[in-house]
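These protein sequence lines map, in sequence, to chains V and A. When we follow the working numbering, the leftmost residue of the first sequence carries the number 1, and every step to the right adds one. When we follow the working numbering, the leftmost residue of the second sequence carries the number 1, and every step to the right adds one.
Simulated from the structure, these hints should not be mistaken for laboratory data. This structure is a prediction, so every number in the text was calculated from the model and none was measured. Treat the hints loosely; a few may be bogus.
Heads up, simulated SDA-like pairs for lysine to any residue below, C-alpha to C-alpha not over 20 Å straight-line [said to hold, decoys possible]:
id, chain 1, residue 1, chain 2, residue 2
1, V, Lys367, A, Gln81
2, A, Lys140, V, Phe317
3, V, Lys367, A, Asp60
4, V, Lys301, A, Arg121
5, V, Lys367, A, Lys140
6, V, Lys301, A, Gln81
7, A, Lys140, V, Leu3
8, A, Lys140, V, Ala19
9, V, Lys367, A, Glu77
10, V, Lys367, A, Arg121
11, V, Lys301, A, Asn71
12, V, Lys301, A, Glu77
13, V, Lys367, A, Arg74
14, V, Lys4, A, Arg121
15, V, Lys301, V, Leu3
Okay, here's what each chain looks like letter by letter:
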Amino acid sequence: MTLKSRAISRVTMVRLLMAQLGRSPLLDVLVGAAVGSVIGLVLAFVVHYRVDAFTFQAKSDFGGRTTIDASDYASQSNSLDVLQVNDVGLQRVREGPDGEPATDVSRTEHVTVMVVGGDLSELRKYFGENVPSGVSTGVLLDRQSAQALHVGKADQVALLLGLTTDDEVPNVIGTIAGVTLPYADPLDPIAAHGLLILRHQDLPAGTLGRLTETTDPRTQGRVFRYFTVGSTAPNQESRWQLAQRAALGGEGVVRTVLGTAGVAAFGALLWLAVVWRQVRRADDRTAQVRAILLATGASAKSLRSTMTMIHATRTAFAAFLGALLVNAFALRLVLGYVSQVAVAGVVAAYLVVFALPMIWWSRVRQKRLPQRLVQALYTTES
Amino acid sequence: MSVISMTGIDKSYSDGKRRYDVLRGLDLTIEQGQSVAIVGPSGSGKTSILNIIAGLISPDRGTVQVLGQDNATRSEEGLSQLRARGIGYVFQAFHLMPQLSALENVALPMRIQGMPSSDSRARARSLLCEMGLADRIDTKPPRLSGGEQQRVAIARALVFDPPIILADEPTGSLDADTAGDVMRLLVSSASGRTLLLITHDRTIAASTTTRYALQHGRLTDLG
Numbered sequence: 001m002t003l004k005s006r007a008i009s010r011v012t013m014v015r016l017l018m019a020q021l022g023r024s025p026l027l028d029v030l031v032g033a034a035v036g037s038v039i040g041l042v043l044a045f046v047v048h049y050r051v052d053a054f055t056f057q058a059k060s061d062f063g064g065r066t067t068i069d070a071s072d073y074a075s076q077s078n079s080l081d082v083l084q085v086n087d088v089g090l091q092r093v094r095e096g097p098d099g100e101p102a103t104d105v106s107r108t109e110h111v112t113v114m115v116v117g118g119d120l121s122e123l124r125k126y127f128g129e130n131v132p133s134g135v136s137t138g139v140l141l142d143r144q145s146a147q148a149l150h151v152g153k154a155d156q157v158a159l160l161l162g163l164t165t166d167d168e169v170p171n172v173i174g175t176i177a178g179v180t181l182p183y184a185d186p187l188d189p190i191a192a193h194g195l196l197i198l199r200h201q202d203l204p205a206g207t208l209g210r211l212t213e214t215t216d217p218r219t220q221g222r223v224f225r226y227f228t229v230g231s232t233a234p235n236q237e238s239r240w241q242l243a244q245r246a247a248l249g250g251e252g253v254v255r256t257v258l259g260t261a262g263v264a265a266f267g268a269l270l271w272l273a274v275v276w277r278q279v280r281r282a283d284d285r286t287a288q289v290r291a292i293l294l295a296t297g298a299s300a301k302s303l304r305s306t307m308t309m310i311h312a313t314r315t316a317f318a319a320f321l322g323a324l325l326v327n328a329f330a331l332r333l334v335l336g337y338v339s340q341v342a343v344a345g346v347v348a349a350y351l352v353v354f355a356l357p358m359i360w361w362s363r364v365r366q367k368r369l370p371q372r373l374v375q376a377l378y379t380t381e382s
Numbered sequence: 001m002s003v004i005s006m007t008g009i010d011k012s013y014s015d016g017k018r019r020y021d022v023l024r025g026l027d028l029t030i031e032q033g034q035s036v037a038i039v040g041p042s043g044s045g046k047t048s049i050l051n052i053i054a055g056l057i058s059p060d061r062g063t064v065q066v067l068g069q070d071n072a073t074r075s076e077e078g079l080s081q082l083r084a085r086g087i088g089y090v091f092q093a094f095h096l097m098p099q100l101s102a103l104e105n106v107a108l109p110m111r112i113q114g115m116p117s118s119d120s121r122a123r124a125r126s127l128l129c130e131m132g133l134a135d136r137i138d139t140k141p142p143r144l145s146g147g148e149q150q151r152v153a154i155a156r157a158l159v160f161d162p163p164i165i166l167a168d169e170p171t172g173s174l175d176a177d178t179a180g181d182v183m184r185l186l187v188s189s190a191s192g193r194t195l196l197l198i199t200h201d202r203t204i205a206a207s208t209t210t211r212y213a214l215q216h217g218r219l220t221d222l223g
């Protein structure tokens with residue numbers, strides 16, 4: 001058979017099969033896209049919240065202020081206000097060729113930012129003489145120094161201290177070792193007395209409590225959660241290294257992984273069921289036409305591949321449309337700094353990958369059960 | 001020279017609870033140009049014989065030779081080619097595509113084989129004229145009578161001038177007068193070819209030169 005003949009044959013088959021399917025492929029695409037986008041959005045939400053949980057290991061209301069009990073971290077508890085600010089972050093700054101800082105937002109590191117009220121000198125009780133005293137002065141401590149400050153295995157601790165209650169908090173309050181710290185407290189911008197930045201998972205139990213214990217009891221410490229873009233500290237781990245290390249420990253990490261995997265698995269099952277139903281229905285609806293084509297000389301292999309093509313195209317459209325919906329509805333606010341396009345791509349790939357078993361199943365079924373197809377010749381349905 | 005040779009054919013079906021043996025050691029040989037009818041009640045396995053010959057289903061046991069080659073040795077593609085060019089299949093239910101015109105229905109097997117539209121339409125037109133349907137060429141099956149639909153189906157079976165015609169209850173959906181017309185047309189169209197006709201109606205079977213009865217999975221010669 002020449003290429004042209006094959007094309008004529010395939011087009012004829014597609015035309016007949018599609019005519020038999022009527023509007024159902026369009027409906028299947030719409031239903032598939034709706035279900036797929038819901039799965040994708042739920043997945044995105046869960047990943048988002050679980051990653052947040054991993055970062056902070058404490059549930060907080062999105063975009064608002066909640067209070068968590070410091071007893072989570074210390075035996076002597078103090079009430080801490082938690083403000084989640086997603087659109088304010090710590091950005092990695094690299095020195096550009098002209099010596100000016102050039103922002104690189106390609107890497108993100110989750111850190112916990114604590115704003116501690118009270119007399120800064122109190123902090124020295126805990127952080128020793130490494131705590132600088134000048135206004136807008138900061139230090140970036142390495143692992144060793146961080147450990148000396150009783151913050152466990154932290155790789156870096158940035159202390160930015162010296163603001164007083166009378167100081168106006170600028171958007172950027174200082175630069176420490178190449179790290180620019182955009183900062184804004186939309187609710188109470190002058191409440192900051194000091195700013196301690198460290199990765200939350202590195203925060204040893206009790207540290208937060210001890211810190212707040214030493215501060216003026218009338219002043220509450222505030223914990224801000226930022227998405228940051230790393231730092232240029234020499235001992236900075238790569239994001240991959242951080243992920244690896246994080247994956248090895250931490251209750252929040254386990255919850256994150258389990259939560260994400262659970263939702264992904266459930267979504268996959270749901271999606272498989274949807275695709276299975278659509279594939280089976282399309283196979284059933286076209287059974288008689290395929291049987292007639294087979295009996296009149298159509299190649300069984302070509303028929304199978306034509307059906308596979310129809311299933312795959314329809315599912316791909318559904319996945320693509322579903323991903324577009326996720327992209328449209330997954331607001332930046334929800335997804336943080338993760339690229340919406342990347343999320344949509346992942347969702348589309350996820351939907352396509354989990355549709356493949358059903359498409360393959362249809363192909364195998366067509367091949368292994370020819371009797372079922374032949375039976376369609378003797379049904380009364382036309 | 002035998003065109004169809006079936007030897008020791010067993011075929012059974014199962015509905016999950018029970019197994020039904022429809023063919024038990026069936027033997028059948030049909031020579032070139034012979035017209036044969038197999039008569040039997042519904043469910044006796046008549047259709048299975050046609051489907052096995054066409055390679056649509058496989059026997060559980062036994063050998064089937066069609067046009068000099070064992071079907072078991074044919075590839076999937078080889079069986080498709082056998083059905084395309086070696087066998088013309090006529091069904092009781094016509095199995096025409098309702099969305100296609102009579103002409104397009106007849107041209108369908110040729111289009112499936114990749115023939116250009118002009119060639120396939122010309123051949124289909126010629127066959128439909130032979131079937132007396134020149135004025136119904138552009139009519140779609142739902143607007144054709146049962147007899148007309150079956151004539152379109154016969155034309156479709158003849159497009160590649162196949163040496164074998166398999167007809168499965170071709171008059172089963174027609175009234176007696178129309179059935180007679182269709183049978184005459186089928187037999188005349190099959191002239192020079194091998195015709196294997198499946199029917200439960202012995203008067204229809206009388207149109208053929210050789211008749212068998214299918215009973216208990218085996219054929220009995222009716223003369």
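Hint check:
{"no.": "1", "hint": "V/Lys367 x A/Gln81", "in the structure": "holds, 17 Å"}
{"no.": "2", "hint": "A/Lys140 x V/Phe317", "in the structure": "violated, 33 Å"}
{"no.": "3", "hint": "V/Lys367 x A/Asp60", "in the structure": "holds, 17 Å"}
{"no.": "4", "hint": "V/Lys301 x A/Arg121", "in the structure": "violated, 26 Å"}
{"no.": "5", "hint": "V/Lys367 x A/Lys140", "in the structure": "violated, 32 Å"}
{"no.": "6", "hint": "V/Lys301 x A/Gln81", "in the structure": "holds, 12 Å"}
{"no.": "7", "hint": "A/Lys140 x V/Leu3", "in the structure": "violated, 30 Å"}
{"no.": "8", "hint": "A/Lys140 x V/Ala19", "in the structure": "holds, 15 Å"}
{"no.": "9", "hint": "V/Lys367 x A/Glu77", "in the structure": "holds, 13 Å"}
{"no.": "10", "hint": "V/Lys367 x A/Arg121", "in the structure": "violated, 32 Å"}
{"no.": "11", "hint": "V/Lys301 x A/Asn71", "in the structure": "holds, 17 Å"}
{"no.": "12", "hint": "V/Lys301 x A/Glu77", "in the structure": "holds, 7 Å"}
{"no.": "13", "hint": "V/Lys367 x A/Arg74", "in the structure": "holds, 16 Å"}
{"no.": "14", "hint": "V/Lys4 x A/Arg121", "in the structure": "holds, 17 Å"}
{"no.": "15", "hint": "V/Lys301 x V/Leu3", "in the structure": "holds, 16 Å"}
Consistency with the previously given hints fails for numbers 2, 4, 5, 7, 10, ordered from lowest to highest.
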